[in-house]
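Following my numbering, the numbering of the sequence shown begins with 74 at its first residue and continues without gaps.
I should point out that these hints are in silico values taken from the structure, not numbers from a laboratory.
Calculated lysine-lysine pairs in the DSS-like style (CA-CA distance at most 25 Å, straight line):
no., residue 1, residue 2
1, K139, K150
2, K142, K132
3, K193, K88
4, K168, K126
5, K451, K372
6, K175, K88
7, K175, K99
8, K451, K367
9, K132, K117
10, K193, K422
11, K117, K150
12, K78, K372
13, K451, K117
14, K296, K175
15, K142, K126
16, K315, K451
17, K126, K150
18, K168, K117
19, K296, K315
20, K126, K139
21, K99, K78
22, K372, K315
23, K339, K315
24, K193, K99
25, K168, K99
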Amino acid sequence: MLDIKFLRENPEIVKQNIRNKFQDEKLPLVDEVIALDRENRDIKGEVEGLRAKRNTLSKQIGGLMKQGKREEAEAVKAQVAADAARIDELSEREKQVEAEIKQRMMVIPNIIDPSVPIGKDDSENVEVQRYGEPVVPDFEVPYHADIMERFHGLDLDSARRVAGNGFYYLMGDIARLHSAVISYARDFMIDRGFTYCVPPFMIRSDVVTGVMSFAEMDAMMYKIEGEDLYLIGTSEHSMIGKFIDTVNQEADLPYTLTSYSPCFRKEKGAHGIEERGVYRIHQFEKQEMIVVCKPEDSKMWFDRLWQNTVDLFRSMDIPVRTLECCSGDLADLKVKSVDVEAWSPRQKKYFEVGSCSNLGDAQARRLRIRVVGSDGRKYFAHTLNNTVVAPPRMLIAFLENNLQADGSVRIPEVLRPYMGGMSEIREK
Numbered sequence: 074m075l076d077i078k079f080l081r082e083n084p085e086i087v088k089q090n091i092r093n094k095f096q097d098e099k100l101p102l103v104d105e106v107i108a109l110d111r112e113n114r115d116i117k118g119e120v121e122g123l124r125a126k127r128n129t130l131s132k133q134i135g136g137l138m139k140q141g142k143r144e145e146a147e148a149v150k151a152q153v154a155a156d157a158a159r160i161d162e163l164s165e166r167e168k169q170v171e172a173e174i175k176q177r178m179m180v181i182p183n184i185i186d187p188s189v190p191i192g193k194d195d196s197e198n199v200e201v202q203r204y205g206e207p208v209v210p211d212f213e214v215p216y217h218a219d220i221m222e223r224f225h226g227l228d229l230d231s232a233r234r235v236a237g238n239g240f241y242y243l244m245g246d247i248a249r250l251h252s253a254v255i256s257y258a259r260d261f262m263i264d265r266g267f268t269y270c271v272p273p274f275m276i277r278s279d280v281v282t283g284v285m286s287f288a289e290m291d292a293m294m295y296k297i298e299g300e301d302l303y304l305i306g307t308s309e310h311s312m313i314g315k316f317i318d319t320v321n322q323e324a325d326l327p328y329t330l331t332s333y334s335p336c337f338r339k340e341k342g343a344h345g346i347e348e349r350g351v352y353r354i355h356q357f358e359k360q361e362m363i364v365v366c367k368p369e370d371s372k373m374w375f376d377r378l379w380q381n382t383v384d385l386f387r388s389m390d391i392p393v394r395t396l397e398c399c400s401g402d403l404a405d406l407k408v409k410s411v412d413v414e415a416w417s418p419r420q421k422k423y424f425e426v427g428s429c430s431n432l433g434d435a436q437a438r439r440l441r442i443r444v445v446g447s448d449g450r451k452y453f454a455h456t457l458n459n460t461v462v463a464p465p466r467m468l469i470a471f472l473e474n475n476l477q478a479d480g481s482v483r484i485p486e487v488l489r490p491y492m493g494g495m496s497e498i499r500e501k
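Throw the hints in and build the complete structure from the sequences for me.
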């Protein structure tokens with residue numbers, strides 16, 4: 074959410090930002106907010122004047138009564154009562170106006186970084202850099218579900234009977250590989266100085282609306298019936314929510330946390346949820362990283378976060394590339410975002426396995442995450458998040474890139490301690 078002072082003083086910048094995100098239907102919101110803000114400030118000014126007047130008149134009443142001027146005192150009392158009624162009326166309108174301002178401000182997109190390429194959707198995202206050499210083997214790479222089933226590691230039919238489409242059972246060595254990747258990612262991030270955390274897997278509505286846009290919320294979140302609770306779509310929601318309504322000492326920043334959680338997503342409107350496999354699903358597990366920092370440090374942390382994901386995948390011999398997300402592909406709260414994509418030898422192209430985002434002070438403003446500096450000045454923190462690894466999607470990249478000609482799957486050195494020393498998976 075933008076600072077209303079910034080919007081008031083820079084309406085054309087806000088409007089151009091909306092155009093850059095191809096959301097022209099939101100342009101009228103800027104003028105509406107400005108008009109409501111003007112009304113709100115007029116109300117506050119009138120209320121302040123009436124209260125000052127009431128204090129003055131109240132003092133007069135006692136003096137008039139002492140002088141025996143009862144009629145004049147009663148007239149002043151009537152004026153005080155009228156002013157009090159007007160204050161109540163204005164205060165009620167003030168609440169309505171502030172609610173209307175907030176409603177509009179919550180859907181006006183954050184100001185994107187000047188470096189973000191302008192484009193309508195993800196088809197116009199820009200490749201930044203490739204890491205590792207993409208290889209297409211001289212043997213056929215089967216579909217990922219077929220590879221898993223060959224090892225008796227995937228049961229979609231049973232999951233469909235139990236929970237429906239978009240769910241799965243992982244079994245045997247494939248399930249062990251899934252857990253090994255999560256455990257390795259956890260230790261990888263701890264070794265890079267991040268504090269490990271297992272957060273709540275449900276959050277309240279005020280945290281949901283603090284960490285994401287209404288459009289994302291509608292497309293992603295599962296609501297717990299009869300409760301003010303939602304299942305998290307990513308542990309970033311809980312982790313940023315951890316700091317709601319806090320005032321943090323500048324000297325304690327940055328907070329760097331890495332978290333494990335299951336994730337639940339409706340995937341509303343998503344294509345492929347009926348597809349056989351584990352690429353787009355309703356439930357998965359993920360290792361995440363978040364940073365809460367000073368505004369001047371967020372750019373540096375942004376580059377460090379996506380680099381962590383690149384380094385993790387490269388340590389498992391998986392070629393990856395980074396993509397700069399264009400303006401139209403950025404969620405409303407994001408200032409800048411980079412996707413990490415892994416190479417698929419079967420498809421002969423890259424696909425998304427992680428996303429790194431800098432949200433500026435948007436989440437902190439919504440959640441009231443403040444910092445007090447050494448000079449006593451308070452300001453909003455900047456928040457960032459990034460996927461460390463999200464199996465089972467990551468398993469697709471892993472299995473395809475480590476598949477061998479005889480059908481076995483090689484286990485890279487870094488994962489072997491988490492796989493009981495196994496150097497490969499073979500069909501039993």
